[in-house]
Amino acid sequence: MTHSTPIRNCWCRVCCRCDEQDKPEAFGKKKMNMIRVEDVAKSFVLHNQGSAVIPVMHGASLTVSTGECVALVGASGAGKSTLMRMIYGNYTTQAGQIMVGDVDVASAPPRDVLALRRETLGYVSQFLRVVPRVPTIDVVSEPLRAVGVDAEQADARARDLLMMLNIPERLWSLSPTTFSGGEQQRVNIARGFVYDYPAMLLDEPTASLDATNRAVVLELIERAKARGAAIIGIFHDEAARTQVCDREVDVSLFTPERAA
Amino acid sequence: MTPLLQVEGLSKFYGQRVGCADVSFDLYPGEVMGIVGESGSGKSTLLNCMAGHLPPDTGQVLFNTRTDGMRDTVTMSEPERRMLGRTDWAFVHQHARDGLRMNVSAGGNVGERLMAVGARHYGDIRDQAIDWLGRVEIAADRIDDRPRQFSGGMQQRLQIARNLVTGPRLVFMDEPTGGLDVSVQARLLDLLRGLVREMGLSAIIVTHDLAVVRLLADRLMVMKDGHVVETGLTDQVLDDPQHAYSQLLVSSVLQV
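First to last, the sequence lines map onto chains B and P.
Our numbering puts the first residue of the first sequence at 1, with every later residue one more than the last.
Our numbering puts the first residue of the second sequence at 1, with every later residue one more than the last.
Hints were generated in silico from the structure; no laboratory data involved.
Note that this is a predicted model, so its numbers are computed, not measured.
Incorrect hints may appear among the rest.
To list a few chain P residues with every Cβ distance to chain B over 12 angstroms, as calculated [stated by the list, open to error]:
1) R86
2) R142
3) G194
4) E198
So the derived list for chain B, only partly shown, Cβ under 8 angstroms to chain P, looks like this [what the hints assert, rightly or not]:
5) K31
6) R36
7) A52
8) I54
9) T92
10) S107
11) R118
12) L128
13) V131
14) P132
Facing chain P, according to a computed beta carbon distance under 10 angstroms, are these residues of chain B, among others [as the list claims (entries may be wrong)]:
15) K42
16) L62
17) R117
18) R145
19) S180
20) R214
Each residue gets a CB set at the ideal place from its N, CA and C atoms; glycine is no exception.
Extracted from the complex, chain P is given alone in its bound form (with noise of 0.2 angstroms):
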């Protein structure tokens, strides 16, 4: 099987400062990756570089494309990544404000994805938009409301509803549960869970929430100071740290 992403060297430096050095690896059709490490650590720096959201300095984000199979979407042209940014990929941003339109209605941002690629027919937007409301557990009567009159929770879950409902491929995710309360986290946990294996997505995950990634990604990368320090099985990084950083990342987990 052929992956779906391939990240190789990719480095982005702030000056003098490393974003994220030297970073390398592969994500296959319907696997889930953590990313986690301290705040300043690289993460939301090495997601952004990947999503085309920052351009880094050096290496290579190659996509499977549909159309042409491998390409970097780091030269691709600018409408080519937009392209792909409305279409196979998604970006579950950590502040649902900074992924919706807050004044648009919920039906709206579900619908304005949908419109970006082709869908005219505005009974048929209103119907999926309806559908998705649904499945992120959002009540239809509340279609037409923006997302400001929403609860934190409620506007995370439109989020991922606008982000999800053109069927992308991969989801780039920064700390979807961050902010959240632990009862409307567990809610949303298992959406995703059940969102990634209905679809077959591949999704990235940046948390610093262990718990999160235990839960929902099969590998897990750990990251310091811009550097990846460690790389495997999330159980077994879990459960069995080898780089003195996972260790204490992981002792330093409060029990409940």
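Just chain B, same shape as in the assembly (with noise of 0.2 angstroms):
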């Protein structure tokens, strides 16, 4: 199917919105990295706080390759979120390299971390952030409206999502702001799927989930895999982390006092 405004950089098997046959290369055939971390470090410097230094990262290198999970693993506050915060963008990076694609996070311009976020790079983080008053469904289709899907498709998409989340439909049309956690968290899981992204990271995607909806986003990751997105995933929840991820990257070898 080919949609009318095709997504520039839309590298998936499976995404309704791009005509796949333009391009085969560029899909699932050859493994290749997706996100590329190297030598990366970081402290936080607080000024107002007597300019203490932190290290707080270190040599820290990975890759991820199209349709692979990789789990960060290491103690709480080892540096799990901060590296995926880096990665997004969110966090700056002091010194070495982060490729998404062909975009290079630690030094690129903030409207080309913001093109890489709306077409290329995808966060679930723990907390969902919103605009008060917006409904859920149009929370949850934002992300396909960024890219220029019409809002018949990206509606139907994110009631797609919203169901097999179980977020009761009476629900739909009110601001996910007065939801309980878990309704929350899985208003955010469903943002964070509506688009293909080619590359995502997920903060404890699973936490505060009952089974039934813990099962639902494994299966969302385990679909995400197969159309060839390269994942990086911080689960505390050992089970699903043995279940989705292929491999596991410890974080504390990246740790400064660890390190040296």
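From the two separate chains plus the hints, produce the assembled complex.
Dropping the structure here:
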């Protein structure tokens, strides 16, 4: 199916919005590195607390190829979320390179990072942050609208996901700000999976979910892998990790004190 | 893609005092940039210099015009700049009464912008005014009421309708949600976000409310004493601020 406005940089295999026949070589056949983190370092400088310098990461390197899911592991405070936020461009990086596709997040101007986030790199954080008053259905469909999918198609896809994640239909027209923690988490996941990002970052996607919904989320991750998405995840849930992840990267190896 | 607006080395001095000093940045179509800083940091001065309300002392404000490409709006003639001000540019004031004609009906306020760009058919103008009042959630039966009969939040929405009716490409906003209570603020934010996306607007928003920029702006500029101390992605500046002042600003926000 061809979409009226093909999406730039859409490398997925199953995206209904681009004509995959146009560029078969870009899809799943050969594995390629989608995310490459190379010798990355970060420290926080707290100017207002005696200019304390806190080194938090040093010599971090990892690669994730298409169709692969890599788990970040390490004790609480080892820097799993920090590394994930650095890859998303949410935290600055002091040294090294973070390549996602052909963009170096560590040095790219904001405009390129924004385009990357819109078209290539998805992020499911632990918390839902939305404009108050916006209905759930619009919150979920927004990533699709942002890449130019028309309202009807975007809504249909959002509805499918909300249904899958067992959010009752009567809540769809309400703002998720008043939802329970688990419901908010599922809305967040729906929003993260509504568009087929070639690369995804998942911060504890199965936390605070019941068994049924946990299975749905794992299924979504499996499907994303099958269409060729490169995924980095943080899972405290060990069973979930072994089920969907191909490899583990121990972040505590990058913690400055231990590496030294 | 060419930037919509290119600001280069913009400075404004009030005698010995610095209004804003050596500000440079590019803004691309569809981008929303926030400018934050405490009162007196020069953010409104900067906005007014860019929008042509104040003459800057040095620097250029290049705008990608529809007909002639990049033009320096600081050196262009007054009529040309005024033309820009009522076609491709819009300015949303903090106090709605600064941006509205208080003695003219709501419909008239919206219609005036249309007439300024050549619309003459009364029926069309009225229809468009009703359409825009609807978009900003003002009931059509209030079209003949004057803005002074409106609440503060309604006045602000009317001001936005008046500004956006001519389909501008760049909107300057000075504290658009300042002085409104939170429920009205949320509604306005929702409205602005929708309009920005639907119309592909670029916007520059001056505010001291970090929650507002987090929700509205893609990029953020932090100002202190007339100087830009930090720029970057909004979420990066707010979550991992680098400059001492940005850190102070972010850590001073009260948690609700």
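Task: Hint check against the structure, violated hint numbers in rising order - done: Structure breaks hints 3, 4, 5, 6, 7, 8, 10, 11, 12, 16, 19, 20.
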